[in-house]
Amino acid sequence: MAAASKSAATSASARTPVGARSRAFDRAALSERLLAGLAALGLRASLAEPLLAFLALLVKWNAVYNLTAVRDPGQMLTQHLLDSLSIVTPLAERLPQRDGAPTGRVVDVGSGAGLPGIVLALAWPQVEVLLVEPVGKKTAFLRHCQAELALTNLRVAASRVEALSDAQREPVPDLIVCRAFASLADFVVSIDRLAGPASVVAAMKGAWPGDEIAALPCPWAVAAALPLQVPGLDAARHLLLLSRAPRSEQVDPAGRRASGTGPTSYQK
Numbered sequence: 001m002a003a004a005s006k007s008a009a010t011s012a013s014a015r016t017p018v019g020a021r022s023r024a025f026d027r028a029a030l031s032e033r034l035l036a037g038l039a040a041l042g043l044r045a046s047l048a049e050p051l052l053a054f055l056a057l058l059v060k061w062n063a064v065y066n067l068t069a070v071r072d073p074g075q076m077l078t079q080h081l082l083d084s085l086s087i088v089t090p091l092a093e094r095l096p097q098r099d100g101a102p103t104g105r106v107v108d109v110g111s112g113a114g115l116p117g118i119v120l121a122l123a124w125p126q127v128e129v130l131l132v133e134p135v136g137k138k139t140a141f142l143r144h145c146q147a148e149l150a151l152t153n154l155r156v157a158a159s160r161v162e163a164l165s166d167a168q169r170e171p172v173p174d175l176i177v178c179r180a181f182a183s184l185a186d187f188v189v190s191i192d193r194l195a196g197p198a199s200v201v202a203a204m205k206g207a208w209p210g211d212e213i214a215a216l217p218c219p220w221a222v223a224a225a226l227p228l229q230v231p232g233l234d235a236a237r238h239l240l241l242l243s244r245a246p247r248s249e250q251v252d253p254a255g256r257r258a259s260g261t262g263p264t265s266y267q268k
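Under my numbering, think of the first position of the sequence shown as 1, with each following residue one higher.
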């Protein structure tokens, strides 16, 4: 698989005009914006370099393999990196801690291009992160990133989450997260066997997904809803924390019971 990843990377490089890559990826401008975003989110500036390295890989591979519909590096920075970074602080405090830093195990379901999983692995070096993705070209990219970014805390499972082996399911995750995944109902059904009693189950959504919440199968419900502020993005974003609980415990960001208010607007 490492050889296949290397071959795919070489192919991506060979088929992408060098001039186009250099014009599209203005590292200095992107670095300035990323540093400002990290500061706004209260995250350490030292994350900028590895995140830019990840972004460069995503831009390069996306030109050939269509990993994401977002193609402009500046838009990728905002809509993918900063968007994924917006959940770091609210979820870090819900993970086990060691020496003042998050630890434990995270599973990113339907990771796609590694969002938010690779971002979380960079932000939380003491956390083991498993990226679950069934599409071959995407798992090749994820493994290439794992090697290029030297992410020793990252694992990739070329599988649907329902088909994970017993060994891949253990230990029970402290956090299960998805971004731009299917409906909430499909998400909780797919991870029902994976989630333990103490697992935090989190779904990143755009506009308030009232219809999806209403369709959640019992006993799943929204236990908490956190509005997210993504630097440079003027769009609704919510982090929904799900649990096996009575339907009456569903809430919206203002603390009221959910009542469908419109479709989600996430883009892979």
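For the record, the hints were derived by calculation from the structure and aren't laboratory data.
Please note that the accuracy of each hint is not assured.
With a straight-line Cα cutoff of 16 Å, these simulated EDC-like cross-link-like pairs (lysine to aspartate or glutamate) come out [as the list claims (entries may be wrong)]:
#1 Lys-60 to Glu-148
#2 Lys-60 to Glu-32
#3 Lys-60 to Asp-72
Because the structure is a prediction, the values reported are computed rather than measured.
To test your reading of the hints: which numbers does this structure violate? 2
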